Amino acid sequence: KSFPCSVCGKKLASKHGLNYHMRIHTAEKPFKCPHCDSSFRAMGNRNEHIRNVHRMQPYACLTCGERFGRSEDWR
Numbered sequence: 001k002s003f004p005c006s007v008c009g010k011k012l013a014s015k016h017g018l019n020y021h022m023r024i025h026t027a028e029k030p031f032k033c034p035h036c037d038s039s040f041r042a043m044g045n046r047n048e049h050i051r052n053v054h055r056m057q058p059y060a061c062l063t064c065g066e067r068f069g070r071s072e073d074w075r
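So for the sequence shown, the UniProt record's numbering puts the first residue at 1; every next one is plus one.
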């Protein structure tokens, strides 16, 4: 089943995909950064912004002490 955009006709594979796509047309950015005035269409983009811009690095190597923003980089 596909979910067509009522504005441009693009067909999305999921309701979630359609909801995200619609934010392009509405300019809605519901995910606010708690540290600055930036806003994002997707939570993942906001989280990446926080890690990269505000240097939130919660993962620390127990051997050398180096810190990482993503668990994938920490392993």
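A hint or two may mislead.
Stated by the list, open to error - Distance windows between CB atoms, simulated:
#1 Ala42 to Ser2: 18 to 24 Å
#2 Lys32 to Ser2: 30 to 36 Å
#3 Gly17 to Asp73: 46 to 52 Å
Claimed, not checked - Once the Cα atoms are required to be at most 25 Å apart in a straight line, the calculated DSS-like pairs of lysine-lysine come out as:
#4 Lys10 to Lys29
#5 Lys11 to Lys1
#6 Lys15 to Lys32
#7 Lys15 to Lys1
#8 Lys29 to Lys15
#9 Lys29 to Lys11
These are computed hints drawn from the structure, not numbers from a lab. Since we're looking at a predicted model, the values are computed, not measured. Beta carbons: idealized from backbone N, C-alpha and C, even for Gly.
Okay, the hints, checked on the actual structure:
At roughly 21 Å, the beta-carbon separation of Ala42 and Ser2 lies within the given 18 to 24 Å, and the hint holds. In this structure the supplied range 30 to 36 Å holds for Lys32 paired with Ser2, their Cβ-Cβ distance being about 31 Å. Against the hinted window of 46 to 52 Å, the Cβ-Cβ separation of Gly17 and Asp73 comes to about 27 Å, which falls outside the hint. For a cut-off of 25 Å, the pair hint linking Lys10 to Lys29 stands: about 20 Å separates their Cα positions.
For the suggested pair Lys11 and Lys1, the alpha carbons sit about 10 Å apart, so the restraint of at most 25 Å is met. With a CA separation close to 22 Å, the supplied pair Lys15 and Lys32 stays within the 25 Å bound. Pair hint Lys15 plus Lys1 holds up; C-alpha atoms about 10 Å apart against a cutoff of 25 Å. Between Lys29 and Lys15, the direct Cα distance comes to roughly 18 Å. Compliance with the 25 Å bound is thereby established for this hinted pair.
A C-alpha spacing of about 21 Å is found between Lys29 and Lys11, which places the hinted pair at or below 25 Å, so the restraint holds.
Violated hint: 3 only; the structure is consistent with all others.
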